[in-house]
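Colleague: Model the full assembly from the supplied sequences, consistent with the hints where possible.
Protein chains: 2
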Amino acid sequence: MSCSATPLRLYAGRLATGSSAYASSWCTCSAHKSFDKTVGRAMSTTAAGARVMQAAVPTTENGSAGSDAPVLRLQRVPVPELKGPNQVLLKVLGTAVNRADLLQKRGRYPPPPGASEILGLEAFGKVEASNVDSFRPGDEVIALLQGGGYASYAVTDSATLIKLDPYPEYYLSFDASLGKFERRGPDRVAACAGIAEAFLTAYQLLKFDPSLGNASPGETVLIHAGASGVGLAAIQTARELGLKVLVTAGSQAKVQACMQLGASRGWVYRTQPVEMLVDFCGGPESVDIVLDCVGSSYVEIHPQVLRRHGRWVLFGTLGGTRGNLDLSQILRKNIRLVGTTLRARPLAYREALVREWSTFASPRFASGVLLPVVDANGIFPLSESEAAHTYVEKSSNIGKVILRVDV
Amino acid sequence: MSCSATPLRLYAGRLATGSSAYASSWCTCSAHKSFDKTVGRAMSTTAAGARVMQAAVPTTENGSAGSDAPVLRLQRVPVPELKGPNQVLLKVLGTAVNRADLLQKRGRYPPPPGASEILGLEAFGKVEASNVDSFRPGDEVIALLQGGGYASYAVTDSATLIKLDPYPEYYLSFDASLGKFERRGPDRVAACAGIAEAFLTAYQLLKFDPSLGNASPGETVLIHAGASGVGLAAIQTARELGLKVLVTAGSQAKVQACMQLGASRGWVYRTQPVEMLVDFCGGPESVDIVLDCVGSSYVEIHPQVLRRHGRWVLFGTLGGTRGNLDLSQILRKNIRLVGTTLRARPLAYREALVREWSTFASPRFASGVLLPVVDANGIFPLSESEAAHTYVEKSSNIGKVILRVDV
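Residue numbers (the UniProt record's numbering), protein chains in the order written: chain L, 1 to 407; chain W, 1 to 407.
Restricting the straight-line Cα-Cα distance to at most 20 Å, the calculated cross-link-like pairs of lysine to aspartate or glutamate (EDC-like) are:
1. L:K333 with W:D209
2. L:K333 with L:E300
3. W:K333 with L:D209
No lab work stands behind these hints: they were computed from the structure.
Modeller: Below, the structure is given as structure tokens:
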């Protein structure tokens, strides 16, 4: 059963920093009547009758003194509408902070055409309304979003929803004073809200897409920012794929965390000159795959450490966007450098990734072989999104930083 | 019928610049007795009984005054031996000059393990002896070599031999004074000696290997050094694949030649600042594939002109090996930079390329849709290999420079 009619279309203003009108529209077909009542309870309406919700929105109104840098504040914005026959409206219970969100807040990572302009690339939540049979109101889901997670409600294509069976109730947090992980929970929202972007990205980079890492068992992968959310998901994924894992991280505690999840060696980049990384990796031509979210500072190093047919997968430029590249090594060793962002991929790509990853990951989450990692101090309410951003910006976190959404 | 025995193994000295012993050995099986007699007539023997032949070998003995740069001179060297069950001994009738030869002469492009240290990556010749049924003495063949072409005899794996039916007898040469191509021949050696490396490289870069150009009809390719041997083969190949072709070249005459073979536009790089290339291509994000044999001078340009999912295929670094790379464009546009050299690829790869290309190219050569292009002044005897190198080094040529081998 599906419906695509939008008999009541109400536009209600614009986001403080956005340029698009946010629209709310509800279907009046029989299947949606009960939904409409449910949503009605959770939402306010404007004078014009549009449903509104809370979202953490970039604004300069309450910015820090003397700065025009945008900060996140809760604002009332229109609830997004179900536009296509395959769409689902989620009540968001939790989302998580990604580095991309920090860029987007500053206008440096615009959403792809058609995507929500609200931040948030992942969610754990409950289906509120659905245009597809496979997801019904009340279903719990993990969602890979192109945007919109920092809000009470989000719309997404059902193809990018994941049902894990069972959902993880527990997660790991690293206790730096003890130098080890502890298990926390049960807390399904905290455990599940940060899975999608980290684990799907890791799987995409390493295995899903033959034009990226294309890993084979026995190969060696170098993972930068190993203690980040994506980093720890990539370490676990690489370990499950039979890879040898080398990591870089910002502190000895972070290296400890990485090694406890499967890295064989870790390198604290803050305390050593960058050229020492070649020795750390085992000398020139010792690495098959690099997962690079750093960029410029390692441009000199990667062509050295990569073996023949090495894959250099660029998915971020935290360290800068420019670098002096040695093309002779690219040529001689048949090295491949390829950039990728998951959000901008076509729906069919994201759908295929979600399906293949679910097969890979679902039994591993069920058995506890794969584990969500949430920073020990990394759970914030949506109203404190700006504090969560500051925490991530300082690279304080080991694992994901979660935003609990109950507004 | 095959044989792998080497009952008579004779080592006869070393190449002037090489470090490996060159060995000659002949099988005494019945199939090879007649061959042995044939070869005996064409070869000399040393006092120790080893068969010797002529090869153009790098030497500093007769170098230009005041210079230690190696120059090519004919020398007597041992005839290579049939080592494996799939090998074939060719009487070389013609070979051709590749840029890689110029590097190898100076010790900057060492042959892969097991390959001949003699220069020469392609040949047209006659089978003298064969360990496989599919090639018999007297067969004419085109050969993709890992080395050894600059000599009277060369050994290669039969998997990299090509029988074209019929072989081209005619070729094109560009008459700069008339501004157009003229047809020359019949001269099967001149027409066929320079086909293998140029056309197989072009097909590899554009179509054969999905990790390289992976061209689709309607896409746009930018081909640097369009009037080189590989360049003119790539223009013709790209045209046959339904691509729109943009080229760069060193002179207006070269651009004319490129456009007559299928390029839609040409850019004379000597007369314009490099950043103008963006406008020439049609602005940013106007190119799907770059075939790059230049390297450094275009490192700033290629990420700009490439579209989303653009492929930047590096197969040479004529312009230098270093460049300032903008990683943000690599990331945002999902650009792939990949280096490749054909010679270093495994045999199975070269074999598959030869097979697929033969299917593509053989009917097109037969019908004259594909045409060998030989420079108007570009046919030299093997004894004048050094002059041929100088000619190529000055980028004087439009199309291939051929070495006729009748020594």
